[in-house]
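Visitor: Top line first, the protein sequences correspond to chains A and B.
In terms of the working numbering, the first sequence opens at residue 1 and continues consecutively.
In terms of the working numbering, the second sequence opens at residue 1 and continues consecutively.
Just to be clear, a hint being listed does not mean it is correct.
To be verified - Partial list, computed: chain A residues near chain B (C-beta under 10 angstroms):
id	residue
1	54
2	73
3	74
4	78
5	82
6	83
7	84
8	104
9	133
10	137
11	139
12	157
13	160
14	176
Stated by the list, open to error - Label pairs and their computed distance ranges (CB to CB):
id	chain 1	residue 1	chain 2	residue 2	range
15	A	85	B	21	24 to 34 angstroms
16	A	102	B	273	31 to 41 angstroms
17	A	85	B	16	50 to 60 angstroms
Hints were generated in silico from the structure; no laboratory data involved.
For every residue, glycine included, the Cβ atom is placed at its ideal position computed from N, Cα and C.
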Amino acid sequence: MSAISCRRVEKIFGSGRTPVVALKSVSLEVAAGEFVTVVGASGCGKSTLLRMIAGLEAYTGGEIEAGGAPVAGPGADRAMVFQNYSLYPWLTVMRNIKFARQLEVHIRDRTSADVDAASGRADALLQLMGLEQVADSYPSQLSGGMQQRVAIARALMTRPRILLMDEPFGALDAQTREVMHDLILHVCALEGCTVVFVTHDVDEAIYLGRRVVVMAPRPGRIDAIYEVPLPPKRTYAMRHSSEFLALRAQILDRIRGTSQVRTDLRLLEKLSRRAAS
Amino acid sequence: MSDISTIRVERRRPKEELWKIRGWVSKRSYWTLAALGLAAPLTCWTLLTAFGSVNRVFLPGPYDVVHRVVTWFRDDELLGDVGISCFRVTVGWALAAFVALPLGLFIGTFRAVQAALEPLMDFVRYLPAVAFIPLVMLWVGIDEGAKIAIIFIGTFFQMVLMVAEDVRRVPMAQLEVAQTLGATRTEVINEVIIPSAKPALLDTLRITMGWAWTYLVVAELVAANSGLGYAIIKAQRFLQTDKIFAGIILIGAIGLAIDQGFRLVHRLAFGYLYARS
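Construct the complete structure from the given sequences, taking the supplied hints into account.
Guide: Here you go:
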């Protein structure tokens, strides 16, 4: 059974004379435990799709199911990691990670064993993410990479079956991002959760995903889905393998062919022709 | 060939950038300039009254003003005037905050409440509070209630809009993270919106406290027989310019003290904003 199943999902923004079709008939099945990445030019609706799976945005047509139940709103089974500004600056790292524990859904039948388990879990996540040294620091005292590690630990705290990530490393520098890639692969394999990871970075999408979903804009739709021909355990060297580079070229061509980059390219051609004459 | 350890690195003092845009200025220079900025007008004032040919009725010297404060304190119930003025300001401002905080929270949180109330508030905010004085006297009378009502009218409508804006400025990602962790609507408000907006709310309270003092003087100039504002208007009748000066300076000093108090509370309550890495 699929962990996430989108069938002919449609999203129309606004109403009246000029409604905007953000997504048109998007169908996608994600198997339990799978790591799927979504790439596409800006405006292709990849974030919108993710937000609809999270239940943060309503869909205007089709159906989305998560864990066999239709998505009607946000739920504790689907945690989400945002690009930035999502940590609570008034809480320490440890209390950010434990934030979910104080919510009603997670404190039913609370026994001392539960509390112990939760503390153990928080400590384990802290260690897994390499945050032991900063457990009592505030988010503003951490680097961008560390802040995102806290955000991921917080999302994993309650063992969600599905982890949704919306360009979580988009604001990080290239070196930090590469480290985070290996970290997130390791953690998600360990936790066994299903992941949908949205990004605009094709390298990131290939390196992380078992499958790469390529979306196209106007109207937002799935353009192609690629199986990544790399072994499940990814290593840095694979980034330079011929399979990686071939798939990268293929996906970049697809994205180029469908985005408004074309108009920019035409402008560039015109300018260079003018310069030549 | 010189050994690397023998090379002497000359430590230079960081250079001050007095005229660079947003340049760096040492702490010592900063406080020197601040002291000069305060001392300069005081010196001018002293010299002007000591050697100038200005009539004391129009411009009393610093000594006259200090002397007036002392006699006011000794013979004329200075503390009583200060006390009653502080009382009016505090009660009027606290009443405004008591209603404005929850109302602003709702306006900033729910679009429906915003639609219902914000345009109205925006309208009333532009009605001059001073012009309400005759109405207030008609409806509330001329006792303490009238002064408190004028302070309330002067601060409340601005305060509601500022509180609503503070609440709206809580980053969406902070709210959505809580939702995807399973927080209910009440939990999002209590655990995220309120703690996140708190520092901004305290700043709003501090700023509106300043406005409350402005309206206090207005209220006491018109309808009172006690208080600092009343003392100023009475002094005008008897051409006691030194007392006018004393009253104005006292109000300024009290305002400054309250403002610094708020800033201190801000530092103590929201240490995470001042945390250094």
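Visitor: Under the criterion of a CB-CB separation shorter than 10 angstroms, is residue 74(A) in contact with chain B as hinted?
Guide: holds (4 angstroms)
Visitor: Within 50 to 60 angstroms or not, the Cβ separation of residue 85(A) and residue 16(B)?
Guide: With a Cβ separation near 35 angstroms, residue 85(A) and residue 16(B) fall outside 50 to 60 angstroms, so the hint is violated.
Visitor: Should the interface hint for residue 104(A) be scored as holding, given a Cβ-Cβ cut-off of 10 angstroms against chain B?
Guide: OK, holds: residue 104(A) within 10 angstroms of chain B, min 6 angstroms.
Visitor: Min Cβ distance, residue 137(A) to chain B: is it shorter than 10 angstroms?
Guide: Residue 137(A) check passes; min Cβ-Cβ to chain B is 8 angstroms, inside 10 angstroms.
Visitor: Under the criterion of a CB-CB separation shorter than 10 angstroms, is residue 160(A) in contact with chain B as hinted?
Guide: holds (8 angstroms)
Visitor: Tell me if residue 83(A) is really an interface residue toward chain B, meaning its C-beta lies closer than 10 angstroms to one of theirs.
Guide: This hint holds: residue 83(A) lies near chain B, its Cβ roughly 8 angstroms from the closest one there, short of 10 angstroms.
Visitor: Is the interface hint for residue 133(A) satisfied, with its Cβ closer than 10 angstroms to some Cβ of chain B?
Guide: violated (12 angstroms)
Visitor: Starting from the hint 31 to 41 angstroms, judge whether the C-beta atoms of residue 102(A) and residue 273(B) obey it.
Guide: Given a distance of about 22 angstroms, which is not inside 31 to 41 angstroms, the answer is violated.
Visitor: Do the numbers back the hint for residue 82(A), that is, is its least Cβ distance to chain B under 10 angstroms?
Guide: holds (4 angstroms)
Visitor: Any CB of chain B closer than 10 angstroms to the CB of residue 73(A)?
Guide: holds (8 angstroms)
Visitor: Grab the minimum C-beta distance from residue 176(A) to chain B and call the hint holds if it beats 10 angstroms, violated otherwise.
Guide: violated (16 angstroms)
Visitor: A closest beta-carbon separation below 10 angstroms is what the hint needs, so does residue 139(A) meet it against chain B?
Guide: With Cβ-Cβ at 8 angstroms, under 10 angstroms, it holds.
The structure fails hints 9, 14, 16 and 17 (numbered hints given earlier, in ascending order).
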